[in-house]
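Undergrad: Below, each chain spelled out in residue letters.
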Amino acid sequence: MCAASNPVAGRDGLAVLDAEEIRRALTRIAHEILERTHGGDDVILLGIPTRGVPLARRLAARIGEFEGLDVPCGSLDVTMHRDDLRLHPARALGRTDLPPGGVDGKIVVLVDDVLYSGRTVRAALDALNDLGRPRAVQLAVLVDRGHRELPIRADYVGKNLPTSQREVVHVLLTEVDAQDSVMISDDGRQP
Amino acid sequence: MTAAGPGMDRDNTGMDRDSTVNDQVRWLIRGVTIPADGHRGPRATDILLGGGSIMAVGAGLDHAGARVLDVGGLIALPGLVDLHTHLREPGREDAETVATGTAAAALGGYTAVHAMANTDPVADTAGVVEQVWRLGRTAGHCDVQPVGAVTVGLAGTRLAELGTMADSAARVRVFSDDGRCVSDPLLMRRALEYVKAFDGVIAQHAQDPRLTEGAQLNEGEMSARLGLAGWPAVAEEAIIARDCLLAAHVGSALHVCHVSTAGSVEIIRWAKSKGWAVTAEVTPHHLLLTDELAAGYDPVFKVNPPLRTEADVAELRRALADGTIDCVATDHAPHPVEAKETEWAEAAFGMTGLETALRVVHRTMVDTGLLDWHGVADRMSVRPARIGRLTGQGAPLAVGGPANLTLYDPAAPAEVVTPAGASKSRNTPFAGMELPGRVVATFLRGVPTVLDGKLA
Amino acid sequence: MKRHLISAADLSRADALLILDTAEELASLADRPIKKLPTLRGRTVVNLFYEDSTRTRISFEAAAKRLSADVINFSAKGSSVAKGESLKDTALTLEAMGADAVVIRHGASGAAHRLAEWVRGSVLNAGDGTHEHPTQALLDAFTIRRRLRGADSSGARGAGLDGLRVTIVGDVLHSRVARSNVLLLSTLGAEVTLAAPPTLLPLAVGSWPCAVSYDLDSELPKSDVVMMLRVQQERMTAAYFPSVREYSRRYGLDVARMARLPEHAIVMHPGPMNRGVEIAAEVADSVRSTIVEQVANGVTTRMAVLYLLLGGTEFPVTEFPAVAR
Chain F
0 MCAASNPVAG RDGLAVLDAE EIRRALTRIA HEILERTHGG DDVILLGIPT RGVPLARRLA
60 ARIGEFEGLD VPCGSLDVTM HRDDLRLHPA RALGRTDLPP GGVDGKIVVL VDDVLYSGRT
120 VRAALDALND LGRPRAVQLA VLVDRGHREL PIRADYVGKN LPTSQREVVH VLLTEVDAQD
180 SVMISDDGRQ P
Chain V
0 MTAAGPGMDR DNTGMDRDST VNDQVRWLIR GVTIPADGHR GPRATDILLG GGSIMAVGAG
60 LDHAGARVLD VGGLIALPGL VDLHTHLREP GREDAETVAT GTAAAALGGY TAVHAMANTD
120 PVADTAGVVE QVWRLGRTAG HCDVQPVGAV TVGLAGTRLA ELGTMADSAA RVRVFSDDGR
180 CVSDPLLMRR ALEYVKAFDG VIAQHAQDPR LTEGAQLNEG EMSARLGLAG WPAVAEEAII
240 ARDCLLAAHV GSALHVCHVS TAGSVEIIRW AKSKGWAVTA EVTPHHLLLT DELAAGYDPV
300 FKVNPPLRTE ADVAELRRAL ADGTIDCVAT DHAPHPVEAK ETEWAEAAFG MTGLETALRV
360 VHRTMVDTGL LDWHGVADRM SVRPARIGRL TGQGAPLAVG GPANLTLYDP AAPAEVVTPA
420 GASKSRNTPF AGMELPGRVV ATFLRGVPTV LDGKLA
Chain D
0 MKRHLISAAD LSRADALLIL DTAEELASLA DRPIKKLPTL RGRTVVNLFY EDSTRTRISF
60 EAAAKRLSAD VINFSAKGSS VAKGESLKDT ALTLEAMGAD AVVIRHGASG AAHRLAEWVR
120 GSVLNAGDGT HEHPTQALLD AFTIRRRLRG ADSSGARGAG LDGLRVTIVG DVLHSRVARS
180 NVLLLSTLGA EVTLAAPPTL LPLAVGSWPC AVSYDLDSEL PKSDVVMMLR VQQERMTAAY
240 FPSVREYSRR YGLDVARMAR LPEHAIVMHP GPMNRGVEIA AEVADSVRST IVEQVANGVT
300 TRMAVLYLLL GGTEFPVTEF PAVAR
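Residue numbers (numbering that gives the first Met the number 0), protein chains in the order written: chain F, 0 to 190; chain V, 0 to 455; chain D, 0 to 324.
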């Protein structure tokens, strides 16, 4: 009865990133975050469920390895702020888990798997707005597939992946899907 | 107009018809089937009606000057008699009038109905019963035999003037507080005794008031689930048992209205086995419907006594088949829309039934093999007329008998019941259900009141 | 979920868990600076209360407002309703006002069913006569789950109430809270026992998914939850029990009885309480008692229900089943 993220149908897609490439991309993003935030002070990572959450945790772990810094990490569910609620039956909510210390005055880095229309991120910004007042908000995504419908851009991108709107991008992560890969398939449907 | 005194033949004929009896148009009912009756099998034959009577039965009848009705495939029943109808006039003409109620009755194949006394004012005096009687004659759709109240105002404390009502032009013989129970045992005893003087009968609405205060639905699984106050079967059975014993004790006749439970049937069977003068009726809705229909809280299913369980329905059918229950009586209870379009607890009790009664009996008793058409004639015409002490009604179809008959098509394709009909009210519980058969024509003393399924 | 919530029987186990899990998520809203979500912005929720019940009405009002819905209150007193306007006419008025949801509390069993035939929006039963009160059962289940299945929300999520033993005590015959709880608790896997004098149990209770006992004392040591129902004094005049004193003595939860409960067991009451009749004051105020948190949980659970009924497509696919003929 809820529209949770659909499990991947048709693994006959083309693999565009394998586990090794994902690992390297995350390592690079972790370094970029440290650079651009001048050492990562006051940074908190908030993953957008479902797959943004394990990605955020992996980034936090990398940053911890490189700098010995304990970056607070959590999740931000955006369901209640979506702009397409009335087009589907009511969905089950994901978890919102804010690190102690909240978001006020912090640099919040939102983490998601795929950036597409930008509407999810807009909803995340609205949700964040009701939680407090960050000093700055940045966006890290594993894949940017283009076709923005709102003026939104990512600060950190794992891979730029030009796609047609007929194609579907599947991100698989070990924590959720028992494997790491990014695939494109031509399902002829909107994702 | 003088009232007939005791000892004279009671005959509630319509005054309008008396003066034209000999000039009456004759009718030849051609090709009709008279149902098998235990002596002979079903036979197709012709019936000649004239002068208010059945003039001849047979083939090749001389029917000069008669209008002909070709009715191959239809069966003929003696005109149906309802022992229990609410015509609502005087007082509740928004729900029904004598004219609309008797029109509905005629469409249902009835040539006589007993009009219950719970009108406003209550029919507890000669004045009111004569008024109802006159309204019936004027409308002319069927005979209206008023029922007199047992107690003044139905209040259950003082006997009404039963004797005066019996002597009135309305010739009341059946007395009932229906709607209410005569619960005071002493009063019930007195009433039973008193009517012996004029061969009257008390028709009891069996419902112990203390056990059914605020009751809404049969006490059982449904009432527990729906959170509606229960109406326990014992509240009916206990009164019936008491009244049978009282009637036996004083040597009087008791008629039990709208029997609804298997337990009541057992008690009546026992009383009859003792030779006591107990008779009983069942409604069409209690032969078909159960309390499960209350699940959506639609008050069209709210009735007194309430719909019961499958087991009760099965026992009631068996009892009607073996004669423990003597007859079908509709308890036609019309209500205006606003009385039924509300919360269950606020809604009025009652269902209409005149227009669908024969079809329901067809479905529940004939199609199930429990009763044949001869049996239907007995339960819906002969016995009710006998219990109501009516002459001129309920006579088997024979030469010289009154020309009251109903022509019914048992093979008509089953049709879905709609609320629309001749009755002013729409509260039929059968709306949306398929029922077989069709009343095609009704004749009242040789004059058609219904032809081709429509008022004549 | 279906379009209406009229009976706890409308909810499958999956439906009920979805509501409880959603409520878990929404519970944290109370700790945030901005206690509001935009989800039901532009929707109108009407509170149609024929019975005086400030507590429940405020609970629904708070729930709707926290989801940014517009709330209109229609209470029986001093309105056309009090002047005898029929339920149907009131329903048609609400339709004309564009109510997306009507929350109805009424003294007649089945009022919510009837209302659902006359309005196009969703109908939420906030208590109809002696029939049901499904959101009460939901907040009770939510409270039980939080207290006994997970100290923090992560432990409770997705879990039912399997194996928990709940004893409901009191006037079951006239209790809509009891009916809804028996249905919902057994749907969620709990074992329910009703403890009451025979006069306060429906004759047909044997067909319900629960056990029955006339002896409260024997049930207490095996109960994880004891839920006390309010007993009305009027029942005494209708001969349901001889006196309040005898009722209290045999079925009241006093301090001595509370001591017979297992360590972890909790005491619940839907309110309002008759202190000293069905429940002793000290018991009501003890740490086992969930009475106060039941109120807070009421807002959260009702938010979850409103979101799931109204937060998605305008008219969901599954309709309320029509009367079977």
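Please keep in mind that the hints were generated in silico from the structure rather than gathered at the bench. Wrong hints could be hidden among the right ones.
[What the hints assert, rightly or not] 25 angstroms max Cα-Cα, derived SDA-like pairs, lysine to any residue:
no., chain 1, residue 1, chain 2, residue 2
1, D, Lys87, V, Gly50
2, D, Lys34, F, Lys158
3, D, Lys35, F, His30
4, F, Lys158, F, Arg23
5, D, Lys34, F, Glu20
6, D, Lys221, D, Gly205
7, D, Lys34, F, Gly101
8, D, Lys35, F, Pro48
9, D, Lys34, F, Asp83
10, D, Lys35, F, Gly104
11, D, Lys87, V, Pro418
12, D, Lys1, F, Asp82
13, D, Lys64, F, Asp125
14, D, Lys64, F, Gln178
15, D, Lys35, F, Arg23
16, D, Lys34, F, Asp82
17, D, Lys87, V, Leu210
18, D, Lys64, F, Leu13
19, D, Lys35, F, Asp83
20, D, Lys87, V, Ala430
21, D, Lys34, F, Arg132
22, D, Lys34, F, Arg23
23, D, Lys87, D, Glu50
24, D, Lys1, V, Gly295
25, D, Lys35, F, Thr173
26, D, Lys64, F, Val136
27, D, Lys35, F, Leu124
[Unchecked claim] The calculated label-pair distances, taken between Cβ atoms and stated as ranges, are:
no., chain 1, residue 1, chain 2, residue 2, range
28, F, Ala135, D, Arg40, 20 to 30 angstroms
29, F, Asp103, D, Ile57, 52 to 62 angstroms
30, D, Ser11, V, Gly71, 52 to 62 angstroms
31, D, Thr53, V, Leu369, 30 to 40 angstroms
32, F, Glu31, D, Ala95, 54 to 64 angstroms
33, F, Asp125, D, Ile57, 50 to 60 angstroms
34, F, Arg27, D, Glu292, 42 to 52 angstroms
35, D, Thr92, V, Gly368, 44 to 54 angstroms
36, F, Glu148, D, Gly41, 13 to 23 angstroms
37, V, Pro120, D, Arg249, 43 to 53 angstroms
Fair warning: this is a prediction, and the values are worked out from it, not measured in the lab. Backbone N, C-alpha and C define an ideal beta-carbon position, used for all residues, glycine too.
Undergrad: Against the 25 angstroms threshold, does the CA-CA distance of Lys87 of chain D and Leu210 of chain V hold or violate the hint?
TA: 32 angstroms, violated
Undergrad: Tell me if the straight-line CA distance from Lys34 of chain D to Lys158 of chain F falls inside 25 angstroms.
TA: At roughly 38 angstroms apart (the allowed maximum being 25 angstroms), Lys158 of chain F and Lys34 of chain D break the hint.
Undergrad: Mind checking the alpha carbons of Lys35 of chain D and Leu124 of chain F for me, to see if they're no more than 25 angstroms apart?
TA: 15 angstroms, holds
Undergrad: Evaluate the given range 42 to 52 angstroms for the C-beta pair formed by Arg27 of chain F and Glu292 of chain D.
TA: For Glu292 of chain D against Arg27 of chain F, whose Cβ atoms are near 48 angstroms apart, the range 42 to 52 angstroms holds.
Undergrad: Next pair to validate is Lys35 of chain D with Pro48 of chain F; report whether the Cα-Cα distance is within 25 angstroms.
TA: Judged against 25 angstroms, a Cα distance of about 21 angstroms means the pair holds.
Undergrad: Are Thr92 of chain D and Gly368 of chain V spaced within 44 to 54 angstroms by their CB atoms?
TA: 53 angstroms, holds
Undergrad: Decide if the proposed pair is consistent with the structure: Lys35 of chain D and Gly104 of chain F, CA atoms, cutoff 25 angstroms inclusive.
TA: Distance of about 21 angstroms is within 25 angstroms: holds.
Undergrad: For the pair supplied as a hint, Lys87 of chain D and Ala430 of chain V, confirm whether the alpha-carbon distance does not exceed 25 angstroms.
TA: Between Lys87 of chain D and Ala430 of chain V the Cα gap is close to 21 angstroms, so the pair holds against 25 angstroms.
Undergrad: Please check whether Asp103 of chain F and Ile57 of chain D have a Cβ separation lying inside 52 to 62 angstroms.
TA: For Asp103 of chain F and Ile57 of chain D the Cβ distance comes to about 31 angstroms; the hint is violated.
Undergrad: Is Lys34 of chain D close enough to Arg132 of chain F, meaning Cα to Cα at most 25 angstroms?
TA: Cα-Cα ~15 angstroms, so holds.
Undergrad: Is Lys34 of chain D within 25 angstroms of Asp83 of chain F, Cα to Cα?
TA: 22 angstroms, holds
Undergrad: Is the Cα-Cα distance between Lys34 of chain D and Glu20 of chain F 25 angstroms or less?
TA: 42 angstroms, violated
Taken one by one, the earlier hints fail for this structure at numbers 1, 2, 3, 5, 14, 15, 17, 18, 22, 25, 26, 29, 31, 33, listed in ascending order.
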